[in-house]
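Residue numbers (this note's numbering), protein chains in the order written: chain A, 8 to 186; chain B, 8 to 745.
Source of the hints: derived by calculation from the structure; they are not laboratory data.
All of these numbers come straight from a predicted model, not from anything done at the bench.
You can trust all of the hints, since none of them are fake.
So, partial list: chain A residues that the calculated Cβ filter (under 10 Å) puts toward chain B:
id, residue
1, Arg44
2, Phe53
3, Cys56
The C-beta atom is built at its ideal place from N, Cα and C for all residues, glycine as well.
Listed below, chain by chain, are the residues.
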Amino acid sequence: MAQYGLLIDATKCTGCHACSIACSQYNELEEEVDYNRLEFVERGSFPNCAMDIVPVQCMHCDDAPCVNVCSTMATFQQEDGIVGFDPQKCTGCKACMAACPYDARALNEARLAEKCRWCPEMLQQGKQPVCSSTCMNEVRLFGDLEDPDSEINQKMAKHEVEQLRPDMGTKPRIWYIKK
Amino acid sequence: MPKMKRRSFLKASAVTAAAASVPLKMSFADYKEAAEEEEGYKIPTTCNGCSSMCGVYVHVKNDRVWRVEGHPVHLKSRGRICARGHGMAADMYNKGRVQGPMKRNANDEFEPISWEQAYKEIGEKLTETIDEHGGNSFLWLEHGVRGQRYANPLLDKIGSSNYVTHYSTCFSSKTNAWAEMVGTTLNGDHENAKYMIFEGRNFAGAIIPHGMNQITKAKENGAKIVVIDPKHSEIAKIADDWIPIKPGTDLAFRLALAHVLITEEKYDKDFVNGYVENFAEFWRENKDKSPEWAEEITGIPAEKIREVAHDLAANAPEAFIEPGWHGLHCHYVNSTQTAQMGIVVNALLGNFYKRGGLMPSADPEFGTFEHDGWSEEEKGPRADGAGVAGEHYTVEASRGIAQTVPDMIEKGRIKAAFIYHFNPLRTAPDPEYQKKIKNADLVVSINIDWNETSVYTADYILPESYYLERTEVPQAVSGHISHDYPQISLRQQVTEPLHDTKPLREIMQGITTEMGMGELYDYSLDDEIEAMLEPTGLSAEELKEKGTVELQTNKVEASFPLCPSGNPNLATSTGKIEFSADKFRADGKAGIPTWIEPKVMPDPSADDEFRLIHGKQPYHSHHVTSNNPDLIKLTKKYNGTAMWMNTKKAQKLGINDGDIVTVSSDMTEKEIDVKVTELIHPDCVWISSAYGGFSDRLETAYNLGVNYNDFIPVMVEPYSGTTMSQEVIVKVAKGGVS
Ligand code: SF4
Ligand code: SF4
Ligand code: SF4
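With the hints as extra help, turn the sequences into a complete structure.
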């Protein structure tokens with residue numbers, strides 16, 4: 008069984024937002040809903056200053072607070088590690104939203120707490136999730152963590168990587184290449 | 008890695024209340040149900056989110072456009088497309104589209120009219136106008152260049168020389184310099200470069216997705232990226248060095264680069280001896296343009312200028328100043344000389360026709376579509392004066408001057424105008440002045456939506472079908488990035504037209520038939536496609552099925568064009584790169600680029616004076632995407648309408664981040680909120696070029712943000728006819744318009 012993960016090289020991101028809009032169209036998201044976003048952070052002072060951009064989305068945590076608090080199993084971890092969501096079972100209690108340290112969930116019009124599913128239909132076709140496949144700078148590399156020859160593992164081995172808020176103990180499946 | 012600021016995003020998005028929802032969207036459950044009901048299909052075509060026209064696949068489900076992905080072969084997308092490419096597909100369902108032909112009535116309101124009636128009335132009126140004032144009183148104004156093949160038959164038949172493009176609002180200073188000095192244009196070979204300068208050129212804002220891919224790949228392979236720009240643009244985000252130059256002074260920086268290369272003998276002498284004309288004259292004129300001289304003007308330390316020049320030389324010929332397009336090339340009175348200096352510095356590096364330097368586009372050989380039945384009338388002088396002795400002689404006649412149409416009408420030179428896929432009321436300077444286009448006897452707008460130009464000036468609006476609803480002739484895939492083999496792509500119809508709209512050829516056929524010139528467009532699109540593809544060996548069926556095809560002929564070579572005798576063979580008078588532009592000299596102007604002061608400068612003693620500069624955001628194509636709910640969603644979430652101001656200057660003026668300020672020039676005053684940031688030069692304020700919609704029929708864009716064109720008068724850059732759109736000083740005061 009493949010174990011999925013995502014390696015993000017935020018140093019290459021130029022903030023084009025193609026990832027988020029490709030995702031919104033693929034998932035037919037409503038106006039107010041987003042599965043992924045960018046965080047912009049300025050540092051330094053003129054003229055020695057720079058901008059960091061960090062793509063953020065559901066981290067598909069291995070120890071996911073949202074899974075732990077969901078009483079109906081609407082949010083659950085699949086065998087491949089992806090944290091799935093079944094809208095049929097969701098009661099809209101919002102416990103998962105409160106529990107998620109990454110603000111990765113969004114209420115839709117039906118008041119259900121949707122989230123990124125890592126595009127299962129694309130994975131079935133052997134493709135990358137749509138946010139990854141459209142990224143012109145190849146910031147997002149999705150792949151199988153179990154397979155030692157996978158591109159993601161090879162790239163991971165070449166760089167120092169880190170996770171967002173490891174202090175939360177959620178064991179995210181998204182890694183970021185360190186500067 | 009910065010710590011993620013929890014909630015920062017949600018806070019920002021709370022402000023973004025309701026914008027019109029796109030009918031494209033269904034809820035997730037609806038979609039799932041729909042997907043189970045019916046299998047979708049995908050069709051290869053080309054994007055129209057910007058003029059790169061990336062190859063895409065459009066997925067359709069339940070007869071609705073669902074989503075878009077990049078075409079894996081097309082060299083501009085290679086499977087990856089930008090936010091605009093995704094978002095603009097949904098605009099097919101935009102409420103702002105004109106849903107059928109319209110006529111302005113006596114009450115100054117638009118009422119529907121049948122195509123037949125519109126053709127008849129327009130045909131009659133145009134015939135009358137030509138009979139009375141001659142064919143040269145007709146103007147065809149368009150973004151360029153897609154409509155030209157359907158404009159030409161009419162222009163030739165009636166004898167009008169007035170084909171005008173938007174280029175003077177965009178990049179004519181560059182194309183003019185290259186045409187005169189090189190006789191062609193070349194592109195950066197980003198993938199193989201070791202050192203790239205992007206000066207006033209935001210490649211990550213005016214995106215070519217695969218171009219960006221090549222740039223980031225080169226960077227991973229160790230290439231150095233230097234960005235020279237008063238604003239920390241998106242391309243600066245991945246630069247090794249961001250050098251914030253005083254806006255308007257890039258010419259001085261480039262002159263100083265040449266100075267270092269020449270005085271320190273770091274230029275490619277063999278290349279200059281073999282392939283450059285007028286080097287000695289150039290040097291005579293510019294001996295005094297030292298880094299110290301440029302430091303005074305640009306604010307860039309002389310040592311930094313030397314460092315850049317040394318790095319360029321050390322990496323040459325796999326080093327270049329990116330030739331660019333919009334950025335710098337319609338912005339200042341010295342834009343033509345700035346473009347000329349781009350050529351000079353690159354030539355000193357000897358990077359022309361070199362891998363990792365500048366390379367030509369690979370172009371397919373298309374057949375031409377010949378049809379009989381029209382004679383060419385003698386044409387009068389151009390109404391905009393482009394190329395006309397005693398008027399704008401040095402401006403390229405093939406591009407023209409888009410911003411002075413009201414003047415052409417006022418002078419009685421133009422009586423009837425067709426405006427195709429262009430919105431000068433919002434994308435050319437001084438909209439109040441542009442509104443006078445209405446004074447022509449006949450104005451026909453062939454546009455998709457209720458844009459400002461249609462609403463304020465058109466007598467008739469003849470809506471073209473959306474790009475996903477129409478098929479066009481094959482296109483060569485080339486320009487701005489480098490690739491060895493030519494590619495051909497096809498834009499083709501993905502779904503049935505939603506509204507009563509037509510492709511351009513049919514519209515032209517309808518009108519000209521009423522004028523008794525039906526033979527002009529009496530052919531089918533298939534005839535055209537077949538004729539064009541003939542020499543390529545490619546069949547229409549194959550192209551339709553594949554969308555984009557790469558040919559294995561006409562490979563570009565990294566070698567300077569030579570005649571059989573071995574002499575340089577560029578399309579210039581000497582066959583060499585000419586450091587002096589003959590045409591400029593013939594007009595009594597300077598052929599050799601040298602320093603020209605910007606037209607205006609902010610008063611250094613006045614803290615509230617700034618140069619107003621503008622640029623592209625990666626999720627908008629100037630104003631054309633501004634009514635798209637998906638893209639405006641990004642604008643609102645990320646505060647894209649805010650004006651950038653340097654922190655220290657803001658402190659002096661007591662302005663805080665998010666404050667509302669009043670910005671005023673001689674032309675107007677407007678309210679806008681401010682983003683206070685370290686990431687911009689203190690001499691200027693920056694706004695995105697996307698906003699300031701004033702057509703109330705485009706709900707999403709209406710009254711959202713401000714546009715730089717409101718602040719600038721109509722001006723004509725003396726060499727290339729551009730708008731000089733950053734030659735404007737604004738005053739900024741805290742608080743709203745009083
Ligand atoms: S990021 Fe949030 S929504 Fe995603 S798995 Fe972790 S806790 Fe759940
Ligand atoms: S698509 Fe890639 S470059 Fe664009 S914003 Fe997303 S991660 Fe960044
Ligand atoms: S760069 Fe973006 S908007 Fe332009 S053609 Fe390509 S996908 Fe479309």
